[in-house]
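Residue numbers (our numbering), protein chains in the order written: chain A, 16 to 142; chain B, 3 to 356; chain C, 14 to 192.
Check before you lean on any hint, since a few could be wrong.
Within a straight-line C-alpha distance of at most 20 Å, the following computed PhoX-like cross-link-like pairs (lysine-lysine) qualify [what the hints assert, rightly or not]:
| # | chain 1 | residue 1 | chain 2 | residue 2 |
| --- | --- | --- | --- | --- |
| 1 | B | Lys175 | B | Lys98 |
| 2 | B | Lys175 | B | Lys91 |
| 3 | B | Lys91 | B | Lys78 |
| 4 | B | Lys153 | A | Lys109 |
| 5 | B | Lys175 | B | Lys153 |
| 6 | B | Lys239 | A | Lys105 |
| 7 | B | Lys291 | B | Lys228 |
| 8 | B | Lys175 | B | Lys225 |
| 9 | A | Lys115 | B | Lys228 |
| 10 | B | Lys98 | B | Lys50 |
| 11 | B | Lys291 | B | Lys50 |
| 12 | A | Lys105 | C | Lys126 |
| 13 | A | Lys115 | B | Lys98 |
From the derived model, a few chain C residues whose C-beta atoms are all more than 10 Å from chain A [to be verified]:
| # | residue |
| --- | --- |
| 14 | Arg31 |
| 15 | Arg80 |
| 16 | Pro103 |
| 17 | Ala170 |
Calculated directly from the structure, the hints in this document are not laboratory data.
Glycine residues also receive a C-beta, built at the ideal position from the N, C-alpha and C atoms.
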Amino acid sequence: MTRGDKLLLILVVLAAICSGIAILAHRHTPAPAASVCHAVVSVNSQPVARFVLSSGRALEEHTIRGPNGNAVLQTENGRIRMASSPCRDKLCVKHGWISKPGESIICLPERIVVRIEGQGEVDAVTR
Amino acid sequence: MIQKAGILITVLLLIGAGLFAMNGKRVVEYSSQQFLMDTLVTIKVYGKDREQLRSAVNEAFAEMRHIAELSDRFPKPGSPAFLASDVCKINQMAGKQPVHVQPDTLAMLAMAQHYAELTGGAFDSTIGPVMDLWSFGSDTPSVPNPSSVQKALALVDWRAVVLDQVAGTVYLKKPGMKLDLGAVAKGYATEKASRLLQQRGIVSGLLDAGGNIRTIGINTAHKPWKIGIKDPRMAGKLAAVVTVQDASAVTSGDYYRSFEQDGLRYHHLINPHTGYPARHTRSSTVLTKDAGVADILSTAFFILPPDQALQLAEKLDGVDLVLITADGALRYTRPLQNRIIQENATGQPDDQRR
Amino acid sequence: MRLLDKLLSEGGDAGQHRLAFLALLVALGTVLYLMESFFVAVIPLPGAKLGLANIVTVLALLTFGVRDGLIVAFLRVLIGSFFSGLFLSPGFFLGLAGALVSTITMALLLRCKGVFSMTGVSVGGAVGHNIGQLLMASLLLQSSAVIYYVPVLLLLAIPTGMLTGYILNGILSTREVPP
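Start from the sequences, fold in the hints, and give me the full structure.
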């Protein structure tokens, strides 16, 4: 190895250490705000509405017409839920808020599906 | 001369590259949803020709609808749906005469009989009379009185189902017996649909029949599919995440079709030996190739005591089991150690449970 | 340099010799490039490679110069991608960016005559390769998250570069050339 070689090696190691330190120091800065999600509502497999879910947004109500009456969806601060539904078991209402891509609320009796667009952390959920 | 040859080779290479680029069309996703078998069925497939994907998925839905019709148990007698349902016909002729049925019905029952024997009757397709008593599908489900449960239990006996593979007939020996293929049909239909998709050349896809998952091949990221197992007590939370490759994941949980009476929760997973909901387990997830087998076994392993269920699952080839027991513990068969990629703490023990 | 001298001094048309030697280097580079893609699974880091294909790039640079070095690097990535079926895939662009940046880096290091041995040149090439790949990756992914890889890939360039440098020193000091 020549002197030049050794100098080069030292430079590379130094560069690696410096960039490592820089990255570690930067890691503590807060992550950028989560991107905006969209919730798609479909009735009987037909999409009927699409809502923007962004953080900091005030509560809004949306009425969805199902086969047995009106269901009410609420969006607020980047999340969405079924506030009321004409169905019997109210499983959809009990499901509560969803906010992450890939999550969904399903109301079988009313054939309403609310799904947040995007790839979730898993490909599917067995339940 | 050599330079000319070099130019020629370069031109040929570029033409080849162009052809290659045109052939390498982008992989597209085609997904479609339908309400079938009292649940939402989603089929998602990947391939290069959207039109081909669409027609294959439609065929798969048609196949599932066919199985749904064969096993439908609650159409009005005499209606077209009743006449299309093999299960209705078999139940109507219980104790009277064998009924000629479709090959799919025979196949479902043969599978049901095999696993009824294997699980010592923890799974029993003749649970119909007891299920009717509990009437989970009705507006006002309630706990039936013990004497009527005992009476109905006398009619639950998988050994009294007579299959004649040659004649293609099914016969229930005792009058009043009723088949209920609720724990078979959805899985069987999912498996048939997935095989049809594979025959149509689809190498990557995912079928989700109300949480009965069947995956085809690997996903578009060329990795095994990541399947979450629902936390039985917390909505929207996962109890675990497992990898699944070209196989199924089916769960039976106590949180569906349940009702509360006198502070106790009653669910639809009835133990065929007692006539009452099984209490050791909150949810049982079976991972195995065939979605039909997974459907049956997830029910059977829910009914069996956890130790026995895990023991039996480990004995079966290519079958894995994840249990969330009544005390909130997550237990699974040993080969799963490398496939569970995430394990979340589950909830507290239920205090309302025995 | 005996091997190269011998190859080049064997009479005949110098142009033909050049073309034949370049073709040989491209073929060799392609094979090394493909061979390496089998090793990728061994190193548990995406994008990490041994960089054996850099050997032929250095040989091209030494014998013919920057222009032919770049041509050899480009052709071996192109042809390699045909064989691996990754043509125009993200992997192809990553490989291309890596190969070109590494070739330019090594050409610059070779310019400084006598300062660097083959070890230094190879390490520089490996660093260039990894940096080029990362730049392309951040471009393709539209994300700066790949900078987390910078220190890892920089450190990794040292052993891989030293290995190729060792091999190169071996090749260039060959005294006996079989007839």
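For each hint, the structure was consulted:
no.	hint	verdict
1	Lys175/B to Lys98/B	holds, 8 Å
2	Lys175/B to Lys91/B	holds, 14 Å
3	Lys91/B to Lys78/B	holds, 12 Å
4	Lys153/B to Lys109/A	violated, 36 Å
5	Lys175/B to Lys153/B	holds, 16 Å
6	Lys239/B to Lys105/A	holds, 19 Å
7	Lys291/B to Lys228/B	holds, 15 Å
8	Lys175/B to Lys225/B	violated, 49 Å
9	Lys115/A to Lys228/B	holds, 16 Å
10	Lys98/B to Lys50/B	violated, 53 Å
11	Lys291/B to Lys50/B	violated, 26 Å
12	Lys105/A to Lys126/C	violated, 80 Å
13	Lys115/A to Lys98/B	violated, 55 Å
14	Arg31	holds, 29 Å
15	Arg80	holds, 25 Å
16	Pro103	holds, 18 Å
17	Ala170	violated, 6 Å
When held up to the earlier numbered hints, the structure conflicts with 4, 8, 10, 11, 12, 13, 17 and fits the remainder.
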